[in-house]
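Asks: Okay, here's what each chain looks like letter by letter:
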Amino acid sequence: MQNISNTMHKNPKLRLAALLTAPILWLVVAYLGALATLLVTAFFTIDSFTGNVLQIFNLGNFQDMLTDVAYKNVVLRTLGIAISVTIICTILAIPMAFYMAKIAKPRSRKILVALILTPLWASYLVKIYAWRTMLEPGNGVLEWLLGPIGFKSPGFGGPAIVIGLSYLWLPYMILPIYAGLERLPNNLLDASGDLGAHNWHTFRRVVLPLIFPSLVAGSMFTFSLSLGDYITATIIGGKLQMLGNVVYQNFSINLPFAATIATIPVTIMAIYLWMVRRTGALANL
Amino acid sequence: MTISRNARFLLATLLGIGLAFIYIPLTVVVINSFNSSRTFSWPPTELTTKWWGMALDNTGVRDALKWSIIAGLSATFIALLLGTALAFAVSRYDFFGKDVISLLVVLPISLPGVVTGIALNNAFTKQLGMSTGLLTVVIGHATFCIVVVYNNAVARLRRMGTSLQEASMDLGANGITTFRLITLPNMASALFAGGLLAFGLSFDEIVVTTFTAGPGIQTLPIWIYNNLFRPNQTPIVNVVAATLVFISIVPIYLSQKLSTDSSSGGRF
Chain F
1 MQNISNTMHK NPKLRLAALL TAPILWLVVA YLGALATLLV TAFFTIDSFT GNVLQIFNLG
61 NFQDMLTDVA YKNVVLRTLG IAISVTIICT ILAIPMAFYM AKIAKPRSRK ILVALILTPL
121 WASYLVKIYA WRTMLEPGNG VLEWLLGPIG FKSPGFGGPA IVIGLSYLWL PYMILPIYAG
181 LERLPNNLLD ASGDLGAHNW HTFRRVVLPL IFPSLVAGSM FTFSLSLGDY ITATIIGGKL
241 QMLGNVVYQN FSINLPFAAT IATIPVTIMA IYLWMVRRTG ALANL
Chain D
1 MTISRNARFL LATLLGIGLA FIYIPLTVVV INSFNSSRTF SWPPTELTTK WWGMALDNTG
61 VRDALKWSII AGLSATFIAL LLGTALAFAV SRYDFFGKDV ISLLVVLPIS LPGVVTGIAL
121 NNAFTKQLGM STGLLTVVIG HATFCIVVVY NNAVARLRRM GTSLQEASMD LGANGITTFR
181 LITLPNMASA LFAGGLLAFG LSFDEIVVTT FTAGPGIQTL PIWIYNNLFR PNQTPIVNVV
241 AATLVFISIV PIYLSQKLST DSSSGGRF
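Here the protein sequences line up with chains F and D, keeping their order.
The first sequence: position 134 = 134 (the UniProt record's numbering), numbered continuously.
The second sequence: position 109 = 109 (the UniProt record's numbering), numbered continuously.
What the hints contain is simulated information worked out from the structure, not anything from laboratory work.
The beta-carbon is built from N, C-alpha and C at its ideal position, and this holds for glycine as well.
One thing to keep in mind: the hints can contain errors.
Said to hold, decoys possible - Computed, partial: chain D to chain F, Cβ under 10 Å:
#: 1; residue: Y23
#: 2; residue: S41
#: 3; residue: L86
#: 4; residue: L111
#: 5; residue: M160
#: 6; residue: G172
#: 7; residue: N174
#: 8; residue: I217
#: 9; residue: P221
#: 10; residue: L228
Could you put the whole structure together from the sequences, leaning on the hints where they help?
Replies: Printed below as a string of structure tokens:
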């Protein structure tokens, strides 16, 4: 033991190697290796008779994907859902986070943060299951609650998916905005008010530009988590399909094509991360 | 601050609506677990606790809970080892490619679960010829759990600095003793928080699990998902769902306790 300790102490390169070997093997060789293998599979094809993967390099899958209108619709629908979810979460989160950070007393602030954090630990499936009972057409909880003011449940489909995903990811949007607002000095708001700006004006010209990196940080969750989801669509989406559903369905019958479809969300995320990097939002996570 | 009374009232109302949006569905889940009706009916006409007893005796639920805990603890253990080692390497050494590490660890949770899932399934079953089971589930879960341990450990190491370790070494302790008596105790709460998050992520994971578990293993989320559309299982699913809602309070309580400990430690 003493010997090992001495050798390690004298040799920083050895220490570094000891620290890095296992995690790098795991993340680069196992994880990135698996991803790379999947990407390569996207250029293969299957034997239409046996269903086995044939390792012949070709671009047929990508051609199929780009020419079939059905896939274009799924991509646009998924993007539309992910963007709607992000917008809804932003609109809901800003006033909530603002009240928590700037108006609530320190004591109630702590309780409010706990109230926002708690549902993050409640199971994903339970929350979507809850929305199944909320949105059930005819005898759902929402119709029972809001029926008297003329509310009709949208049933299971696109709107239900947007509601369910917004519900799931709302806390991920509130928390970065809250953190951003907390860092924002109060005297900036005072100064803006003293110079004659009204509440709305101060918000739009002072607060919003300063919390923009927090908004982007929150959107990374709401957007990327919505983009790849297929469970929510299966449970409350009715017959509607998202990109994830197409990948899931092709997985067992045509793996190369599933891999091809999987490159779409990965590419969109790569572009998004690249754009986001310049706003400095990655440091706000 | 110069926020008008009207604006305050408006913001408080919006916060209230937001909280209602968050908590009404969870409350419905809890009430439904006491709903005496076998199928879904709202509002409940009669309340009962008999489903809770049945759920406790349900072997499917108990097995699923057991698998979830085993997989969660194993994945957390691996994530703690790998995440901490990586955090030490990044915050105490300079090496080629250091900048991409933070991107590399965050990749498994930022890419869609279905992509990670089929990539791992393909690698395990087709390339390596393994059969799916507990081992593959643990490997899959550990991969996306590393990031939360890493983030917590890096933040703590940055705040700690190196002076305590240097002092310990100057006083004659060797590397191992210093790590055991100085570094590790100072990192304990950060590692606990990271481990708690890692276990939470693993316990709730469904997509990667779907592709790595195989038929032999049902974790709790997989059990819920498989029974969600079976009408005769509705009461049991309701109870399991309500239990998971209640359990979500535990980590919040633990982390609040942890943070008050450390802040009072700073004050006195």
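Asks: Would you mind marking each hint as holding or not holding in the structure?
Replies: Structure-based check of all given hints:
1. Interface hint status for D:Y23: upheld, as the beta-carbon distance to the closest one in chain F is roughly 8 Å, under 10 Å.
2. At a threshold of 10 Å, the smallest CB-CB gap from D:S41 to chain F is about 7 Å, leaving the interface hint in force.
3. A cut of 10 Å between beta carbons decides the hint on D:L86: the least distance to chain F is about 4 Å, and the hint holds.
4. Taking 10 Å as the C-beta cut-off, the interface hint given for D:L111 holds, the closest approach to chain F being about 6 Å.
5. A cut of 10 Å between beta carbons decides the hint on D:M160: the least distance to chain F is about 16 Å, and the hint is violated.
6. Restraint check, D:G172 versus chain F: the minimum CB separation of about 12 Å is more than 10 Å; hint violated.
7. Given hint, D:N174 at the interface with chain F, holds; its Cβ is 4 Å from that chain's nearest Cβ, closer than 10 Å.
8. A cut of 10 Å between beta carbons decides the hint on D:I217: the least distance to chain F is about 17 Å, and the hint is violated.
9. Given the 10 Å rule on beta carbons, the hint for D:P221 holds: about 5 Å separates it from the nearest Cβ of chain F.
10. For D:L228, the suggested interface contact is upheld, since its CB lies about 6 Å from the closest CB of chain F, less than 10 Å.
The structure is inconsistent with the numbered hints 5, 6 and 8, although it conforms to all the rest.
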